[in-house]
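Student: Each chain is listed here by its residues.
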Amino acid sequence: MRQLRRNRAAMLALGVIVLIVTACLLAPFYAHVIAHENPFASNITGTIRLNGKTVNVLQANTQGLGYGVTPIGPTWHFSNYFLGADDQGRDVFARLLYGGRSSLYIGASSAVICVAVAAIAGVAAGYFGGAVDWIVSRIFDIIWAFPVYLLAISLSVILETNGINFLFIHIEQGSLTIPILIIASVFIPYVGRPLRGIVLSLKEREFIQAAIGSGASDFHILRKEILPNVAPTIIVFFPLMVAFNMLTESALSFLGIGVQAPQASWGTIINDGLGLLYTRPLVGIMPGLMIVLTAGALNVLGDGFRDAFDPKAKLRGSI
Amino acid sequence: MTGLMSMKRVGALLSSFAVCALGVAAITASTPAGAATGYQKQHAGGTVKLLASTAAGTLDPQVNYTLQYWQLYQATYDGLVSFQKVAGAASFDVVPDLATAMPKVTDNGKTYTFVLRKGIKFSNGKTVTVNDVLSSMQRLFKVSNPNAGSWYNVIVGGAACLTKPATCTLKGGVVVNAATNTVVFNLTAPDAEFLDQLAVPFGSILPSTAPSKDAGDTPLPGTGAYEFKSYNPNTGLVMVRNPYFKVWSAAAQPQGYPNEIDMTFGSTVESEVTAVENGQADWVFDPLPSDRLQQLSTKYASQLHVNTLTADWYLPMNTNLAPFNNLKARQALNYAIDKNAAVSLFGGKLLATPTCTILPPGFPGFVQSCLYNKGTSSTYAGPDLAKAKALVTASGTAGMKVGLVVTNDPVNEAVGQYVLSVLNSIGYKATLKPQSANIQFNYIQNTKNKVQISLTQWYQDYPAASDFLKVLLSCSQFHPGNDNSINIAGFCNKTIDAQMNQAEALELTNQTAANKIWGQVDQALMKQAPWVPLFNPKQIDFIGKRVGNYQFSRQFYMYVDQLWVK
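Chains A and B, in that order, give the protein sequences.
Using the numbering used here, read the first sequence as starting at 1 and increasing by one per residue.
Using the numbering used here, read the second sequence as starting at 320 and increasing by one per residue.
What the hints contain is simulated information worked out from the structure, not anything from laboratory work.
Remember, it's a predicted structure, so these values are computed and weren't measured experimentally.
One should not assume that every hint holds.
[What the hints assert, rightly or not] Below are the BS3-like pairs computed for lysine-lysine, each with C-alpha atoms no more than 27 Å apart in a straight line: (1) B:K647 x B:K532; (2) A:K53 x B:K767; (3) B:K668 x B:K532; (4) B:K565 x B:K647; (5) B:K668 x A:K53; (6) B:K360 x B:K565.
[Claimed, not checked] Covered, in the sense of this in silico footprint (three residues per stretch, anywhere, with C-beta under 8 Å from a C-beta of chain A), are these stretches of chain B: (7) 413 to 425; (8) 608 to 620; (9) 663 to 669; (10) 725 to 734.
Note that CB positions come from ideal geometry on N, CA and C, so glycine has one too.
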């Protein structure tokens, strides 16, 4: 930890992440207490008070032939459509904060699931070998055989349309759990395989052989010998996976098969902004900037973790 | 016709059908399209490049019910009669096409006798015969034409064909005589709109060898100035000149100008607009994104053409499925939707007008009224959310899940997002289901898909009240489990059906009285609220800088084959 604290870039990245997470957690406070807007409800015919005047949130064009309606642009008033409105008349800044909550929640949750499942499967495959290794490796191979985005898109199209109804598992269409599970699933081999390799290597080391020779149980060896040696790698993986998963979520949501309307994520807001590129480009640019900033910070933090906990690892090339 | 769109016209107004039909054609002094100053050969040639974000389903003219392809069918297929190819209101007039003249109408309007022109060939080189006419009429039933049960079932034998389409003969209903080249239609009852129904693309005459099922992606030979050379729903379609075409009536089927007409699919609407701006394409089919209208109306004003339409954007609610099988739930949504919001999303008040009725303004039978309104005004004043929420509570449907199916172009999706927001605000748990326009229109019709509510459009087939009220909301137009069930709401009310039949019968003798009943039908339907009517749109055509001779038919909109690109 001391080495991590000495890494200024990693600390700066951590500060950025903390700032973004805090801002996003305060989204309801901003929307309801400061801006007094519901960021999930359309406000097409609404008006706001700006500089003492009543202004339409969506404004009719008055130039040329007069066709078209354009949402209000950034007011730069923190409490009043700070970044302007989208085509539904919703406060873009409030949606940006709510969108960040969804993106970070999905990114982090899917990373937890992905890393946990990958760690169990990878360690089990590497340690037990034989049939366990064969089965786990073939499952990894099958998932790995598909391009990540193609697999994620295919699963999303099916599951977002119908929800998940399998045995006792019932997840409604539109639930955030669906993109979380999909994204976690498609990345499992990318974490599991390197962990399996590490365990295979550890298994041949003398201290493991000694533990086996002394009659220690598998559970004891896994808990006391293997896991402590694999943990640094897992810790290094985590922020990287959060970044990857967040990017994947944004891509899926941009395509309309991740987070579903009227909920927001940075990906859906970019999609909203796509239709406003000519008149209100900030609607699409701001969530893009937030994704770049967050993913960049997570990557720098991940590098910091690697340097601190696992300096010999070459994880980036494996993903 | 639907929003990928639909169409119709008030035909018979006089007691004598023959006089009526001939009169309608004669009254108009308009000049055929492309012949405003005669056919101008110097403009012939080149390729017109049209853009659409998606294909519009089957290419079969007897099945497809979309404006996207009906606009193209004008140049590729002919019926015995057709709508006059001119600009303006005269485009509603029916003129002889493959028939030598308007039919002789006898037997109190129950028999129509046509004489087929001689020497006309299909684009495959085969000569058009009376047997082709007979097989084309039989085929309407064999391919489950969307309106077989409400339009063409008036032909003697039509009822049997509806029951057993595969063995449809229309025996006694369509009688042909190869020696005299005549085709006689015998109807079970006089029908004031029969000629209109023959003049739309469903009435196209196809070779008798055409398959007895939906031809799908396979182009069928026609008699128009152009033929479909290829069709790939993923990439586009190509129309080229029909090598066997010679002008027999410029009013019915004029010679076209471009050598080739291409329609390319797959781009976003934004990209399509940019392509036309850059001179890389000549026309955009899809509704123009609101974001671009400001730029277009200032920088490209000379390339924009805006025309009034008789059309509706509306939300059909499935009256057989919860929550909208409950009248109060349907009425609640009618109260809750702010039609001005939908108008804004379409492009503003200059491009659309909020509507509270099924019939568009100015249509036969139209009565200005607004049942679900803020206040008691007969014109739309705004939503009444309090009343809407009270109705949802009273209906006991609060908290139910509602799926809204829309097409995935920017304008439809934006309106869908707004409706989703309204549904959530009055107590439902709504989800938006955007789909490609290539499949959405048929998807929402099929009851197997359990669509609760959708967003769609209807563009008149011909200017008759029945085309909105009977076609879209009569019992005969509801076909459970079928992709061609144009009564999307699945609404069926025998009393209102009887009123419709009464109005239709009256059209033969007293159009004014008939219109009055159509108006009452409209009101009665709105009391049952199977739809939420949103607005009456205007048509915005954005054409390339190089394009000349833009002509707008009120019947079939822009004539793609009359455009000059040379």
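Student: Work down the list of hints and note, for each, if the structure agrees.
Tutor: Hint check results:
{"no.": "1", "hint": "B:K647 x B:K532", "verdict": "violated (41 Å)"}
{"no.": "2", "hint": "A:K53 x B:K767", "verdict": "violated (52 Å)"}
{"no.": "3", "hint": "B:K668 x B:K532", "verdict": "violated (44 Å)"}
{"no.": "4", "hint": "B:K565 x B:K647", "verdict": "violated (58 Å)"}
{"no.": "5", "hint": "B:K668 x A:K53", "verdict": "holds (23 Å)"}
{"no.": "6", "hint": "B:K360 x B:K565", "verdict": "holds (15 Å)"}
{"no.": "7", "hint": "413 to 425", "verdict": "violated (count 0)"}
{"no.": "8", "hint": "608 to 620", "verdict": "holds (count 12)"}
{"no.": "9", "hint": "663 to 669", "verdict": "holds (count 6)"}
{"no.": "10", "hint": "725 to 734", "verdict": "holds (count 3)"}
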